[in-house]
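**Q** Just so you know, the sequences run in chain order A and B.
Converting from the first sequence to our numbering requires adding 1245 to each position, the first position being numbered 1.
Converting from the second sequence to our numbering requires adding 1245 to each position, the first position being numbered 1.
By construction, these hints were calculated from the structure, which means they are not laboratory data.
Every clue listed holds true.
Computed list of chain A residues with no C-beta within reach of chain B, every gap over 10 Å:
| no. | residue |
| --- | --- |
| 1 | D1289 |
| 2 | L1372 |
| 3 | N1373 |
| 4 | V1378 |
| 5 | R1399 |
| 6 | G1491 |
| 7 | E1532 |
| 8 | G1555 |
Straight-line C-alpha distance at most 25 Å; calculated DMTMM-like pairs for lysine to aspartate or glutamate:
| no. | chain 1 | residue 1 | chain 2 | residue 2 |
| --- | --- | --- | --- | --- |
| 9 | B | K1249 | A | D1422 |
| 10 | A | K1350 | B | D1447 |
| 11 | A | K1536 | A | D1473 |
| 12 | A | K1350 | B | D1422 |
| 13 | B | K1350 | A | D1365 |
Covered, in the sense of this in silico footprint (three residues per stretch, anywhere, with C-beta under 8 Å from a C-beta of chain A), are these stretches of chain B:
| no. | stretch |
| --- | --- |
| 14 | 1263 to 1270 |
| 15 | 1325 to 1332 |
| 16 | 1336 to 1343 |
Cβ atoms here follow ideal geometry from the backbone N, Cα and C, with glycine treated the same way.
2 protein chains.
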Amino acid sequence: MSDKRLIVVALGGNAISQPHQEGNVGEQFENSNVTARQLADLVDQGHHLVITHGNGPQIGNFLLRNEVAAGEIYPLPMEVAVAHVQGGMGFMIAQTLTNELDRRKHDRVVNTFITTVLVDLADPAFLNPTKPVGRVLNQDEAVRYRYNDGWQTREVEPGKFRRVVPSPNPIRIMEIDAIRRAVDGGDMIVACGGGGIPVARDPDNGLHGVAAVIDKDLASALLATELDVDTIMFLTAVDRVAVNFGKPDQRDIEHMTVAQARQWLDEGQFPAGSMGPKIQGAINFLEASKKPGASAIIGALGKAADARKGKTGTRITKA
Amino acid sequence: MSDKRLIVVALGGNAISQPHQEGNVGEQFENSNVTARQLADLVDQGHHLVITHGNGPQIGNFLLRNEVAAGEIYPLPMEVAVAHVQGGMGFMIAQTLTNELDRRKHDRVVNTFITTVLVDLADPAFLNPTKPVGRVLNQDEAVRYRYNDGWQTREVEPGKFRRVVPSPNPIRIMEIDAIRRAVDGGDMIVACGGGGIPVARDPDNGLHGVAAVIDKDLASALLATELDVDTIMFLTAVDRVAVNFGKPDQRDIEHMTVAQARQWLDEGQFPAGSMGPKIQGAINFLEASKKPGASAIIGALGKAADARKGKTGTRITKA
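Turn these sequences into a full structure, and let the hints guide you.
**A** Quick look at the structure:
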């Protein structure tokens, strides 16, 4: 694939959920409609999109429903929950973008692929679960879930616990050939929702889901690499990546090289829960790309088209 | 598409859930593994598969979780629930079939498309909801849901009620071009899960989901028509279609024409909840097909390959 118009767009949590909202389905569709207009601006620029998205609030609420109803109805395991939420969110994102493209007379269909992502059970992440999922638990609940369900929990504040699951590195997007074919055929695609459904390969029994969460920015970077695009965009809530964030000498960055990004990442400039994975994803993508002009752009969802043109956002390049 | 190997296989409820089971995820995967072996037998015969499936027990349980947890967490509307279950069940069916094909050295990937199906809000089904969804309600609950949530309910036994939703005719599979392209590219596809997510077109606001359930056999027939296959198979729990079912003069049918099928359907030989939609789907497919040799096969899931060869099952043809 050498289509310069093709870009991978990784949507941040704010694309679907706003912190001040309950997060119900009506609100999600409203937010998704706003996001669709930003994405359609990129299509107006001549771009063809492969879209990825997180699922944090949605999977949290999904697991909460599971838990509240557990006395009456069997629960769904983590990876099956991720598959469900890919379906629900993919339907919403594809539909709102299809509608917006139709309004703008772009003859494009947006399809959702249920996407599984290979991980390695020997990944050290499985020995050190770090990704919090689900609601805050008190100590009694944490103990109960540890003993009854084998959960691992972590004390996030004194007396407050959350379940943590491993966040292994994505190795391969299992549906990549089909995604590539669909893109070549002219479809816009929603893929790798929530980072993808983590699957591992067992020599005897084949592929099976694992209770883990793949970072969606790292999965998006892998997808961009496998599609061999020129550009990946991470759309989020801030205009630009900053160093010394929140300090008197905070500096917003317009451009950085991979070497500079890695140095700041190693210095702890980018927090693990937010900007860190985007920077790591950008580094992974750029290091793997053979294209000298490859770039990763991190910018505000509300200014996607301007970020693509370099008017805002942070651009990361090989050199 | 004129690939004679391509067949649409519509899986009945027994492919994933058995009546004597709780229906939990472990059981669903076990059943799905057994189903995968039957499907792989068809692949061994040289067939390429597009697979559809129902979602009755799964969507019922999904809605029950919604309902039990409604005091704590926003519920998901019907059509969004269908989208979720397409993701969850598609993941399972695609994974178990991918594994089985891998064991048999078929180099094929199975992908799941989130599938929306266009319906017409002027369809008379919207004036007469007939499809029961969710759990059995007592009279107080039925009254409460009618007044608070606008549900329509029907008394299924004295004092026992269920929510009913419209079951409109499927008009168009919105993702058909993408599905066709994926099939042409060599992928096996899971599509139209639960009959597809029903969507209607609003002149001002584009496509939007509607609270309805499309019959999965009718959706499968439409898919078979749009893919222009030679054969559709409806795999279910019985070996053959019967007339005078359960009576002393019950007769199992090896072959019938569309004209004969329609006559028996009109006579009420095939109940609405089970064999009726399969016969109607077969009629729809055969009447739309321009191929003189087109056939619909209704037979036992456990004998899929033999049914394809005509050793068992009921074959319906134009003449």
